[in-house]
Amino acid sequence: MNENYTLEELEAYLYGELPQEKAKLLEEEIKTDLALRSELEALKISKEAIELAAWKKVISQSQRDFLANRPQGKQTQSISQGSSGVLVWTFRFAASVALISLAMGFYLLFSVSPESIISQPVAFSIPLMRSSEVTTSAIRSAYLDKDFAKVIEVVRSLANPSLEESFLLGMAYLETNAHEKAISQFMRVESENEKLQTKDFADEVDYFLVRAYLSLGQIEEGAYRMKKIRNDPQHTYHQNFGMLDQLKIFILGIKN
Amino acid sequence: MKLSRHLNDQEILDQIKSKSNPNQAISQLYSQHYGMLEHLILTNSGQAEDAADIIQEAMLVVVKMIRNEKFRGESSLKSFLYSICKNLWINELRKRKSNQYRNEQYENEKSQIDLSVVEEIQQMENLRFVMNLFETLGEKCKQVLTLFYFEELSMRDICEKLAFSSEQVLRNKKYKCLQSLIQQVQSSTSLSEKLLKALRHE
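Chains as they are written, first to last, in our numbering: chain X, 1 to 256; chain U, 1 to 202.
Here chain U stands alone, though its shape is the one from the complex (with noise of 0.2 Å):
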């Protein structure tokens, strides 16, 4: 992986948010802070694996805040991306309930832990859901779907790349898609039941 030079915050927002480049982005966030959030586990009764796993879904989760613009750069992406780690962690920590001493040290801190990161973390649980139910389409589904909603190409463009008939073909199939997967979304009685809750909430 080389790198062409070192981008700083704000270059790493943009790209992120403009998805202009998230392959430079992500592998700059990796090569400039994960040591530093390896060692935050390793530190804290964790294994590499752990960190590796946790690092994994904090990107995501800082992901995720960049693009709905709920982190604009109010703090450095490290300090945000150590209290995401952290907060993650405590959260698994808990369920391993391995170490109970280190879990009531972290519930200490957890006051010091920003709020809206708590929140991302719990809707990151049933985004997660319906990601792994995202996965579970046909091949071709898939494609269009992530064509269209992560790298925002033209149904023309699309249609050419996925070498489809027509545009309306390639129209009905992402329909037909989107609806498969919304339907097993609002299968899902748990997590309508969130989802309504989560509404009722707003």
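Just chain X, same shape as in the assembly (with noise of 0.2 Å):
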């Protein structure tokens, strides 16, 4: 402590209430004395947190009558935005999914049709080199053709058709939308097959069934089709359905 001025006197500089001509000698001593620089300093900042203090307990009172007070639901409220935002911005993510989801249900619901499904089939392309039987030829040659009409004539004619005449008809008859007979045609192909052991056209059999069954307005069979062609990976036609064509399918089956 300085041995110049007194606690009193350094606060009466402090509240400007010191005479003039000490308070003029105090600033200069200020300007060399560090002690007393010192002295001044510590009884400010003193003076200052003995009232802030005593502002901190009105503070600290103010807010404990404020919170055991508070209504309850502004609390929860509050919190539930703060301490679990994500789960809040999880929830409207989730919801907005929902809500375009259900949208996209209800578009697909009212629009979706048989035709949506197959209003674009992949053509079946006759495998080159398969037979060089002249009947066989005559046949691809009117089916190439687009001759429908001739490839059931001359395939009907035949006593026992191959297998590839056989799918052949099958296809004939889709092209002009005997669809009964084509499944019918079809179906004959997958048996001989079963019984021969062998698969000939047995992939071709299963994504053309799907067209005509749906044509037919047979969704269950059609589906079943189309779930073995999407199962297996391996399946020539693969590729050829995806998820919307499967929900597609599952709703027109709810539809129907």
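Be a bit skeptical, because a hint or two may be false.
Stated by the list, open to error - Pair ranges (Cβ atoms, derived):
id, chain 1, residue 1, chain 2, residue 2, range
1, U, Ser187, X, Glu27, 22 to 28 Å
2, X, Asp33, U, Ser187, 14 to 20 Å
3, U, Ser116, X, Ala95, 40 to 46 Å
4, U, Gln122, X, Arg70, 27 to 33 Å
To be verified - Simulated coverage check for chain X against chain U, where a stretch passes if three residues somewhere in it have a Cβ under 8 Å from a Cβ of chain U:
id, stretch
5, 30-42
6, 49-56
7, 59-66
Hints in this document: simulated from the structure, not taken from any laboratory. For glycine and all other residues, C-beta sits at the position ideal for the given N, C-alpha and C.
Grab the two chains, each in its own frame, and use the hints to assemble them into the complex.
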């Protein structure tokens, strides 16, 4: 502590109440006397701290009262907004996805039809060099010429048509919208394959059966064939049906 | 806590500045702004307890600035409290280093904050240290000093209130209490250095 000024005098200086002459003297001394400066500054901060300590009590009491009397709803709302912010955003995101899905679901429910699935079918291409027989060649030529009536006529005239000829007959029926006959012909090819333990045109039969079934509105049978194709990554037509097609056929099933 | 009526900013400022009704002024700040300030903390990685601590500290900074006439209502109390809370929370997050990303985000926004507020918050650290020293004084000392410097009662009133035998006895007591606090402040090397450093910058 300095010996030239009392605490009262230093306080009086801070309040601007020290006589002018003594105040000037003090200011001069402050410039050189580090201890005096330090004491004056310590007094200043002590006075402020005493006052703020009292304010702190007032503030603490007000906060306690406020939080104790705060409406429960408001409290919960604020806390949930912050501490579970991620949850809120997750919920919002999930709700948005659900809403979009619902809208898509409604759209599909009203817009989906068998035609929307088979509107762009894959055309059947006759494999080259499969048969060198004259009759088969004639049937192939007729099929390539889209002369389906001739295909039907020639194959039906055969007493014992081959698997390829039977399949082409099924395709000719399909192309002429004789869907029931096409199905029956494809099923014959399938049972022949089973009998002979072969798989000739097996993938084609699956694919074109979907088209035939859907054209007749036989959704369940079409869905079965589509599922078979989708579940087999090695199936020739695996890539031709996507999840959307499966969803569409599911919705068609509901509509039926 | 029953509030008779909603005070406007100027009324709250006047009450704090004059210390005419400190409890009512602070209660009004809580009822009017706590929700908004709490939301700020809760939506920036904080918990309800963090919000309570930060808001309490922000109230103290506001009071300090009003009392020192560094805030005279240039902006609304709402936006003033908001900027103080935000700044205090930035400091707290920086200390915790719990969420680097948010810190960086906040750091980017720091330039928008009034520099005088930053300065006041820094000064609060020194003040908090002295406030803790004050709390270590004897109960009678704290009462005398609080009644004199906060409630601004006359020596006569304090003498009656605390049943001192005479004003001179009270005066001596007050002198000793204040001197004790000042000595503790000065004996804190780090604080003294900070205070002198602050003085050199003035």
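Hints, verified against the model:
Hint check: U:Ser187 to X:Glu27, Cβ distance near 26 Å, so the stated range 22 to 28 Å holds. Restraint check, X:Asp33 to U:Ser187: a C-beta distance of roughly 18 Å satisfies the suggested window 14 to 20 Å. One distance hint, 40 to 46 Å for the beta-carbon pair U:Ser116 and X:Ala95, holds here, with the actual separation near 44 Å. Here the CB-CB span from U:Gln122 to X:Arg70 is close to 32 Å, well matched to the stated 27 to 33 Å.
Coverage of the stretch 30-42 of chain X by chain U holds [criterion: at least 3 residues with CB-CB distance below 8 Å; count 6]. For the stretch 49-56 of chain X, the stated coverage by chain U holds: 8 residues have a C-beta nearer than 8 Å to a C-beta of that chain, and at least 3 were required. Residue count for the stretch 59-66 of chain X with a Cβ under 8 Å from a Cβ of chain U: 7. That meets the three needed, and the coverage hint holds.
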